[in-house]
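Our numbering applies: residue 1 is where the sequence shown begins, and numbers increase by one.
Hints are computed from structural coordinates only; laboratory data are not their basis.
For every residue, glycine included, the Cβ atom is placed at its ideal position computed from N, Cα and C.
Do not take every clue at face value.
Taking lysine-lysine pairs in the PhoX-like style, the calculated list, with each CA pair at most 20 Å apart, reads [as the list claims (entries may be wrong)]:
{"hint": "1", "residue 1": "K231", "residue 2": "K104"}
{"hint": "2", "residue 1": "K62", "residue 2": "K231"}
{"hint": "3", "residue 1": "K62", "residue 2": "K237"}
{"hint": "4", "residue 1": "K237", "residue 2": "K104"}
{"hint": "5", "residue 1": "K229", "residue 2": "K104"}
So the derived label-pair ranges between C-beta atoms look like this [said to hold, decoys possible]:
{"hint": "6", "residue 1": "E183", "residue 2": "G52", "range": "15 to 23 Å"}
{"hint": "7", "residue 1": "K149", "residue 2": "A105", "range": "32 to 40 Å"}
{"hint": "8", "residue 1": "H190", "residue 2": "S228", "range": "31 to 39 Å"}
{"hint": "9", "residue 1": "I179", "residue 2": "E58", "range": "26 to 34 Å"}
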Amino acid sequence: MISTYPCSFFAKILAAAAVFFSATAYCQTGITNTSGQPVRLVITSEAIIFDGQPLSFENPLKDWLYVFGDNYIQGYHGSVAGFYADRFIYPELGIDLEVQRNNKAPKSDWVNGQVGTVQDPMNRYLVDVRITLTPNTKTEILSVEEKYKSHPYNTMFADYAISFYGAVVDDSVKKENVIRYGEGVAMDRHFNSVNASESATHNATISFYDFWGRKPEVPVMLEIYPSSKLKNENEVKYFGQIVSR
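Construct the entire structure; sequences and hints are all you get.
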């Protein structure tokens with residue numbers, strides 16, 4: 001009699017393999033925490049990292065420029081909407097950096113070159129980092145004049161993915177994925193945004209297109225900003241007093 005054990009054994013192996021690959025295929029068609037784009041920016045409650053280099057709201061603007069490079073646009077008051085002397089914008093990265101204003105004395109200029117002067121933005125501290133996530137929506141949202149619609153500031157977006165507290169975010173991520181995979185994030189249904197739990201140094205929020213009451217529901221902007229405590233400390237460090245209230 002010829003033994004059928006080897007045949008039945010291999011049949012079981014093939015059956016198990018078929019189940020495995022079919023399950024894998026099913027998982028791939030379900031909700032995943034992946035993106036076809038490379039992850040360049042990582043945000044956690046402890047750190048902000050871009051291309052492997054750490055960033056911190058405890059450091060002035062010049063330290064951020066060291067990481068992002070010199071290929072930025074600086075605007076001036078009265079020019080294109082969104083461009084002011086306190087904005088440093090990277091069209092190729094979709095990133096907009098804003099340094100702290102002196103709201104108590106907007107035209108203050110203590111001593112040129114010393115901490116406190118409005119003319120010395122490189123040593124000022126950041127109050128907001130905006131990353132535009134989705135192309136072709138910003139101009140409509142901001143109701144930009146026709147002559148400015150093709151300006152880099154209005155057409156730029158991040159062509160890479162972002163790790164947002166563990167959730168991989170790109171230009172098509174759904175809120176459900178951010179909530180499912182993000183650690184310590186919560187949905188703000190009033191503003192249709194996803195907020196990260198506050199850390200000692202920074203907060204972060206993803207705004208979606210229907211934040212403005214419009215469809216489709218796609219991510220438009222990710223903002224990172226210092227905690228209230230750190231923001232006040234930075235203002236005192238630079239301007240000698242709290243100037244934002």
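Structure-based check of all given hints:
1. Restraint check for K231 and K104: satisfied, since their Cα atoms lie roughly 15 Å apart, inside the 20 Å limit.
2. As the CA atoms of K62 and K231 are separated by approximately 17 Å, the hinted pair is consistent with the 20 Å bound.
3. Under the criterion of a C-alpha separation no larger than 20 Å, the hint pairing K62 with K237 is consistent with the structure, at around 16 Å.
4. Of the pairs offered as hints, the one joining K237 and K104 holds, with about 15 Å between alpha carbons and a cut-off of 20 Å not exceeded.
5. A threshold of 20 Å between alpha carbons decides the hint, and for K229 with K104 the separation of about 18 Å falls inside it, so the pair holds.
6. Taking the beta carbon of each, E183 and G52 are about 21 Å apart, inside 15 to 23 Å as hinted.
7. With their beta carbons about 35 Å apart, K149 and A105 fall inside the hinted range of 32 to 40 Å.
8. H190 and S228 have their C-beta atoms about 20 Å apart, which leaves the hinted 31 to 39 Å range violated.
9. At about 29 Å, the CB distance of I179 to E58 agrees with the hint of 26 to 34 Å.
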